[in-house]
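Enquirer: Chains as they are written, first to last, in my numbering: chain S, 1 to 587; chain C, 1 to 247.
Among these hints, one or two may not hold up.
[Said to hold, decoys possible] Below, in silico cross-link-like pairs of lysine to aspartate or glutamate (EDC-like), each with a Cα-Cα straight-line distance of 16 angstroms or less:
id	chain 1	residue 1	chain 2	residue 2
1	C	Lys-205	C	Glu-232
2	C	Lys-94	S	Asp-341
3	C	Lys-102	C	Glu-202
4	C	Lys-102	C	Asp-123
5	C	Lys-132	S	Asp-263
6	C	Lys-246	C	Asp-151
7	S	Lys-584	S	Asp-208
8	C	Lys-56	S	Asp-577
9	C	Lys-205	C	Glu-234
Note that these hints are calculated values from the structure, not bench results. No experiment lies behind these values; they were computed from the predicted model shown.
Given next are the chains, with one letter for each unit.
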Amino acid sequence: MSHHTHAPSADHGHHGEHALPFWRKYIFSVDHKVIGVQYTVTSLLFLFFGFCLIMLLRWQLAYPGQPLPLIGQFFPETQMISGIMLPEFYYQLGAMHGTIMIFLGIVPLAVGGFGNYVLPLQIGAPDMAFPKLNMMSYWLFFIGGVIMLASFFVPGGAAQSGWTSYPPLSNIAPPGQTWWLVGMAFLINSSLLGSVNFIVTIVQLRADGLSFFRLPFFVWAQFVTSFLLLLAFPPLMAASVLQLMDRVAHTSFFMPTGLVVNDQLAQVSGGGHPVLWQHLFWFLAHPEVYVLILPAMGIVSEIIACNTRKPLYGYKALVYASIFLGFMSFIVWAHHMFLTDMGITMSAFFQVTTMIISIPSVIILTTLVLSLWGGSIRFTTPMLFALAFLPMFGIGGLTGLPLGLTASDVHLHDTYYVIGHFHYVVAPGTIFALFAGVYHWFPKVTGRRMNETLGKIHFFFSFIFMNCVFMPMFIQGLAGVLRRMYDPMQYAHAQPVQPLNEFISVSAWLLGLAQIPFIINFFGSIWRGKKVENDNPWQATTLEWTAPTPPPHGNFAHPPVVYRGPYEYSVPNARQDYTPQTAKEVL
Amino acid sequence: MDKYYGWGLPIDISTHGHAIDRLINLLHVFMIVMFVGWFAFFIIALVRFRQRPGHKASYETKHFKAPTYLEIGVAVFEIVLLAGFSMPVWTALKTALPDKSKAVQVRVIAQQFAWNIHYPGPDGVFGKTDPKLIDASNPIGLDRASASAADDIVTVNQLNVPVSAPVLVQLSSKDVIHSFSLQVMRIKQDAIPGQSIPVWFEAKKTGQFEIACAQLCGLGHYRMRGFFNVQEQEDFQKWLAEQAPKA
Chain S
1 MSHHTHAPSA
11 DHGHHGEHAL
21 PFWRKYIFSV
31 DHKVIGVQYT
41 VTSLLFLFFG
51 FCLIMLLRWQ
61 LAYPGQPLPL
71 IGQFFPETQM
81 ISGIMLPEFY
91 YQLGAMHGTI
101 MIFLGIVPLA
111 VGGFGNYVLP
121 LQIGAPDMAF
131 PKLNMMSYWL
141 FFIGGVIMLA
151 SFFVPGGAAQ
161 SGWTSYPPLS
171 NIAPPGQTWW
181 LVGMAFLINS
191 SLLGSVNFIV
201 TIVQLRADGL
211 SFFRLPFFVW
221 AQFVTSFLLL
231 LAFPPLMAAS
241 VLQLMDRVAH
251 TSFFMPTGLV
261 VNDQLAQVSG
271 GGHPVLWQHL
281 FWFLAHPEVY
291 VLILPAMGIV
301 SEIIACNTRK
311 PLYGYKALVY
321 ASIFLGFMSF
331 IVWAHHMFLT
341 DMGITMSAFF
351 QVTTMIISIP
361 SVIILTTLVL
371 SLWGGSIRFT
381 TPMLFALAFL
391 PMFGIGGLTG
401 LPLGLTASDV
411 HLHDTYYVIG
421 HFHYVVAPGT
431 IFALFAGVYH
441 WFPKVTGRRM
451 NETLGKIHFF
461 FSFIFMNCVF
471 MPMFIQGLAG
481 VLRRMYDPMQ
491 YAHAQPVQPL
501 NEFISVSAWL
511 LGLAQIPFII
521 NFFGSIWRGK
531 KVENDNPWQA
541 TTLEWTAPTP
551 PPHGNFAHPP
561 VVYRGPYEYS
571 VPNARQDYTP
581 QTAKEVL
Chain C
1 MDKYYGWGLP
11 IDISTHGHAI
21 DRLINLLHVF
31 MIVMFVGWFA
41 FFIIALVRFR
51 QRPGHKASYE
61 TKHFKAPTYL
71 EIGVAVFEIV
81 LLAGFSMPVW
91 TALKTALPDK
101 SKAVQVRVIA
111 QQFAWNIHYP
121 GPDGVFGKTD
131 PKLIDASNPI
141 GLDRASASAA
151 DDIVTVNQLN
161 VPVSAPVLVQ
171 LSSKDVIHSF
181 SLQVMRIKQD
191 AIPGQSIPVW
201 FEAKKTGQFE
211 IACAQLCGLG
221 HYRMRGFFNV
231 QEQEDFQKWL
241 AEQAPKA
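Chain C with its partners taken away, still in its complex shape (with noise of 0.2 angstroms):
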């Protein structure tokens, strides 16, 4: 997996990651520019204003005009980071839901210290759960009795998804706050017990990645890694039928 990271931003294979990173880049560009220019004006005047023989402070203070303008000029460019750059990237990720008829449907059920993933099977509709059935065979309780629980898959740890498709994730958690991060693909969610959190995504890519804890959730958190897969859509519909429960 070593040619996906290394010391920058791990490699972006999701259709809305560029947008992210652009802005990632654009402000560290915007901090070292600030920096750098303020930096140099603070090492002059501690050079220029050494106490030393025959130099005075001056009672005066200089009225500087510059600083109002720079001021403002940030307020400016934050107003453009807000209105062009964040808002619009947060919005679509977050209210532009793909179609659910349209998408891979998968719900991901968090847990101390797995990641159970949720396929509707054939049906497309996801067979109904109840707390009460769970146990160590069961883990997100679902009842196979129920009409459309029969073709439902269930993994533990293993998310696959189709390459060039729109996936849509319903999040929760059985217990306590975990967050499903997938660096490649930069999606970062808390995974909240007592709510399903719609979270979407298309990649661009095929490859095997990882799914991260990224809220500590118990002593195992450090552990709680999962397989994210991105296969074409043939190798996606071929890894589904070898999922499928026995009849």
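Bound conformation, chain S alone (with noise of 0.2 angstroms):
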């Protein structure tokens, strides 16, 4: 079996004697436990930052045309002139909300942060197989989003074309466009060398008698994810670089003949089509999607395992469901796209496999709820947010299937009823797992508890705040709303529910008031949590909670050996009610 096949190990094994200089230890460092810290802490600040982007935005919707107070005066007239948002500034921070958030924010920590400090660790592997490749991996990262960053500071600002930056209007943009481009060129790159180091660390690094079907449900998920990655995301390459060159080499691969801007017959070649690019982007953001939510749905199932004291609810069905789900996700991508004029054969296909999609989100979520029945639920902080996560994902499935299908989605399309949809899958859905993630292993990784009074204040407050800002968008869109409205008084449909929008913006601002509690539980604990009494704190099963704590470089002071499933709660005439994998006999 696998457990000959050993990561590079120079470094292995010599625990605390030969002391690394502290650039290599903790910047440059190979050790996937660092990386995958470095992963976290890195896109918490790009999802602070992301999420500080849309507050800003939303006092313009909520209150359209008037200045800024406090802060307005500090940006430049580029940007707002005496307090006043500009139409420039608007469409920048639309963009690039959606950029950071998924690319910089959600897949970085799901897969980067949780995946590679968690996954060796729970499949008994001393590292990840490729350890530099993981460090470059996040470097090309950190370098993705200096220039995403840096893209406000140009000439005309950052990208302005929506995240999906549907050509021809991104191949005329400013200068921040071509950043963009090349921004995203690092980023996808990073994802395609963590997700091969995923893979060959799966199916390499096992430990003794871990089986596959004896994997944690997080580790499939982060398997299944991996592949969407390293399959999705090339296509996504090849079009940055055909919109690079249509905007750097004057190609058209995205510019038909004929095309006329501002009344001047544009030079180029033509010949090209834009919806060339929505497919090849598509292509990729649909698995996208399932990248941000599978890695959620493993965090999210380890937690209720452990917090129900009792085994998952059907792990192979889950197994199964998340394998087709992966599968599926690739054939349903032109859904964003019915209204580009596809043929009807076309659209009955993708509709088709839209609706067939659903099924394995549905057995995912009724398995997990499922869980629950037979129970005995200890409420923690980890374990609310992990339950709220199912209701919340609850509704954006369910609010999926007026846009998936072709005569409901004609009126919804482009309405703000789409952005409650998917924001209700990542953000109290995705970012509501994360969360959960992160008061889950807080333990592990720093030897200390996070604090639970915090953390709940921290839940209720999202929980309800989050609620508020999403629930009012499907009412808009019902209305007809439409998205990326710099001015949303200028339509006679969208002003009777204007007042939405004021109540959904100072939700907004509210919401990122209760993430002050977090801020000040996550760098507070790390210092000054209450330390934790043994290396299992949570009294769970999987081989991460036998580990030392913080585990050490190499992770296991013995190669661990496992003789049992993930989940072994409450084995009946066991002494305690869990049983870790790698215990010989039941306790």
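Need the complex rebuilt from these two chains, each delivered in its own frame; the hints are there to steer you.
Expert: Below, the structure is given as structure tokens:
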């Protein structure tokens, strides 16, 4: 089996004996745990930054044309004039919010952060299969992030053609778009290196006795996610290069003949097609949705099993459903493009696949809810976030139905209904799962617990305000309110529901305040948190909890041997209510 | 215009829109029923199986049959939605185009940030256009010298149509992708440069409404608003006569 292959171990096995210099240990580290923490902290900062962008934008939607009090005066005249936001800045905020939240926030946190830190520990490996590749993956991500941030300062500002960057608009946009494309190239390659590393690690470095069906579901989720990244990102890489060529080398991949911009015949050779970009983009961006959601489901499964003190309901159903979900996610992309005049055969195909992909999602959700039945549920902070994930993801999934059917999509396409739908999936959905993961694994990473009271305050206010932000968007969408409107008062149909914009914006700012307990708790607990009493503070079964706390370079003192499945809780006739995977006999 | 819009769906004045609204309403009833039932189970599970002294988790998993039936039920319902609701409406909208001789024909040419509306005039034939002729006074590059162009009518941001008559729009764009959206008509279609896309509808009711752009098309996207006027047949003819080019 797999245990004969090991990660290059030149650095391993010398725990504490030869001390690495600071910059090798904490900055250019090859240790998966340091890289995991680097990813986690960087992406949490990006999540906060991306959230700040949208909190700014929400001012314009709530109080269009009014000067932004207090901080408005500090913005340059290219962005705000005496505190009044310009359309240029509004569209930069929108495009960069989406880009940063997805590519610099959630994916690097869910995959780079949790995947890197937890996955090798959960499979009993000393490190990732390719530690140096791992380091390179983080630094490519970091450079991509810096490029994205720097693009705000180039003439004309950051990208402003939406996070989807549809040409020809993006082809004729200011230079920030070029920076966006270059930044994306770094982020894409970072993810590609990471995904190869994850796949090889899972296949090659599992501990003795850890067969595929003894893997924790979190590892399965990361496994499927890695295949999605590996197979879906290359088309976007190609598309980015093509768009870059259109912009800098004046090719016409996405530019049709006879384009007239500003009453001037555009100087392009023509013959290209703008919809080609959309196909290439959504061929990535739909699997990307599952890249966002699968690791979240993995985290939630671990936390639910541990805090119900019983095995998951239908572990194999979870695994098969997520593999099927992975396959299907490659053939639903054009449901984002129903209005591009595809033929009815094509739209019929993509409607059918879209309905089919809802089935594994329902199976996963149902399995997790049924897992609660018969448990002994501990309402810890990570469990609260994991539980809240379920109904929030449920709402996100259900509201996808009217968008997946062409007849109802025609009214709801490009409205706030879409924004409400996908935010329910990724904001109160995935981000809640990520918070759950932070609270759950924090004691393993630091040796200290996060404060439960602050955690619960963080949870309840986040839960309330998340719903206050996104639920009214469905009402706006049904009323026909369109996305990406700098001035929400332009259209008669949008005016009756304008009070909702104010309500949403105030809720969003309060949601921002609700993150303060988390920030205090996160940084405070690193130094002041209550020390854990042993290596396994949650009485969990999986391998990461048998490693020392915090795990040293090389992880385990002895290579662990696995004797049982991942969720052996409340085994009959056992003295304690959990039986670790490494236990030879039931304790 | 207030009476047309509120907190629910906008008023529907099209002949096909009731089917779309019916599907949207049906889906929302389904979603609410699913969510409430499911959420009730969730809450009962949380209360009943909370950790407390004397309560133990059970290792053996109770096997539920209901989810399997529910899953099959959902799948069947989705087939009904697809075959019974969505596809027939969509097929009618995309393929059952009205006969050109009977429909009111109009070209809509989107640009940053306006809707150019082109009527063929009394001869029913669109005049030739050429991108090279485009300038500020001739936004669609109409070649007035060509045979059928002399009587053509071109307006900006003003689309008038007669009530109770099929309208066939040929939709295109000069520069970037826009999306031609008539909420009250339950019509939305991307306008893509390099492509001419047919869109048809028939209004049941007169009134003054809006054309909205639904696809981000640049900094002025938010103000790319047009006027959509559904008139009685006589009023429409009168309006056309007023717009006719002065000889």
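Enquirer: Now tell me if each hint is right for this structure.
Expert: We went through each hint and held it up to the structure:
no., hint, verdict
1, Lys-205(C) with Glu-232(C), "9 angstroms, holds"
2, Lys-94(C) with Asp-341(S), "9 angstroms, holds"
3, Lys-102(C) with Glu-202(C), "12 angstroms, holds"
4, Lys-102(C) with Asp-123(C), "14 angstroms, holds"
5, Lys-132(C) with Asp-263(S), "9 angstroms, holds"
6, Lys-246(C) with Asp-151(C), "9 angstroms, holds"
7, Lys-584(S) with Asp-208(S), "13 angstroms, holds"
8, Lys-56(C) with Asp-577(S), "9 angstroms, holds"
9, Lys-205(C) with Glu-234(C), "14 angstroms, holds"
Of the numbered hints listed earlier, not one is contradicted by the structure.
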